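Construct the entire structure; sequences and hints are all you get.
Line order of the protein sequences matches chains A and B.
Mapping the first sequence onto the numbering used here, position 37 (from 1) lands on 37, and the numbers just tick up by one.
Count along the second sequence starting at 1, add 191, and that's the number in the numbering used here.
To be clear, the hints were calculated from the coordinates, so they are not data collected in a lab.
None of these values were measured; they are calculated from a predicted model.
Glycine residues also receive a C-beta, built at the ideal position from the N, C-alpha and C atoms.
Every clue listed holds true.
Quick list of simulated restraints, FRET-style, between CB atoms: (1) R269(B) / R85(A): 27 to 35 Å; (2) Y113(A) / G243(B): 36 to 44 Å; (3) L247(B) / R133(A): 24 to 32 Å; (4) R133(A) / F222(B): 19 to 27 Å; (5) A92(A) / R204(B): 32 to 40 Å; (6) A61(A) / K310(B): 47 to 55 Å; (7) I17(A) / R204(B): 17 to 25 Å; (8) A86(A) / A345(B): 54 to 62 Å; (9) V320(B) / R168(A): 40 to 48 Å.
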Amino acid sequence: MSIVTDPASGRDNARDIAVWDPLVRLIHWSLALTILLNGAITEEESKLHEWVGYAALGLVALRLVWAVIGPRHARFSAFPPNPARAIRHMRAVLHGDRTVHLSHNPLGAFMAYNLWLTVIALGVTGYMMTTIRFFGIDWVEEAHEFAFNWLMLSVALHVAGVAFDSWRSGVNLVRAMINGHKRIPDGTEVE
Amino acid sequence: MKRRTMTPITKERRATVLAGIIILQALCALFFIGDVIADLSGGGHLEDLHLGLEALAALALVGGVVFLMVELRRLLVRVNDMDAGLRVARGQMAEVMEGFFEDWNLTQAERDIATMILKGLDNEAIAKVRNTAPGTVRAQATSIYSKSDTHGRAQFVSLFMEELMSGDFSTGEVAKSHQPLEANAPGDKLHAK
Chain A
1 MSIVTDPASG RDNARDIAVW DPLVRLIHWS LALTILLNGA ITEEESKLHE WVGYAALGLV
61 ALRLVWAVIG PRHARFSAFP PNPARAIRHM RAVLHGDRTV HLSHNPLGAF MAYNLWLTVI
121 ALGVTGYMMT TIRFFGIDWV EEAHEFAFNW LMLSVALHVA GVAFDSWRSG VNLVRAMING
181 HKRIPDGTEV E
Chain B
192 MKRRTMTPIT KERRATVLAG IIILQALCAL FFIGDVIADL SGGGHLEDLH LGLEALAALA
252 LVGGVVFLMV ELRRLLVRVN DMDAGLRVAR GQMAEVMEGF FEDWNLTQAE RDIATMILKG
312 LDNEAIAKVR NTAPGTVRAQ ATSIYSKSDT HGRAQFVSLF MEELMSGDFS TGEVAKSHQP
372 LEANAPGDKL HAK
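Below is the structure:
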């Protein structure tokens, strides 16, 4: 009996869908590493701090290019910055919606854009501090400080959001960012 | 079978290596670009042989990165297609089986046995799985062959192979244009119902 139902049940059970390609994953964890290095380990105003910062800029630049020429789930079109969608998504979640999003969910999309823009702002203000023209100018340093604090807040929210969405949808999002696959539970709607 | 399941994994590993190379090369490109910009703002000229070469190297690296990214994209699409193809094939196999069984009016027991025959189990193994005597299974198998108008195991299995191989594997539905193995094979009826 079990042999007969085998082919059918294989399709109904939890499905593994490849969503994050290796480049997305490597960029994600490399960027996390550069943020950790520059936020906690490298000495401010050291050469290493500068180079790690440029590496972070390069990683974001690479990701943005990949969002144009990359595969489906990595593209901008898979997670457009759409406030209306984000609000709708938030309402649905409050009403117990358990839809799984293959790319970023509408709120997560905003977080991704926010993190990239913040890293760019950090990189640019950091670079400005090394130039003769902007060296020692207060507002540049303050902007760099502010961007860093904003980044820390964003990272905390990002981690909290991942934890919450993993709990809500039943898809382990951390695992998805490591091996690239989202395991969609039985009977869950996919978007 | 083994080869087929191995290939996507090997491709995935290649994709990961390729992604790593892309990141490393992109960072190298960034280093050279930064160096060129620093030299230029420090009063250098592109006409300088050294600086000119450096700028060229930087450009070549950027070009290489973009090329590798396009290459990676292709590889990923290929992996995806193979995966989807296998899934479609599995789904179609199940569909084809169900369709045939329906057409032949097989009983539930006969369906189970037919499935096991297709999986390559012999009568004794089937009897063991179903906790019945081999003689019973043999009788049921004979009934299956007669209902499907085949002369035995080999021809019975080949009906399904024929169905799967003759169509084109465009996504979703079972191929509609096919020539059944024999005129009395119920392949056409399968989709008419």
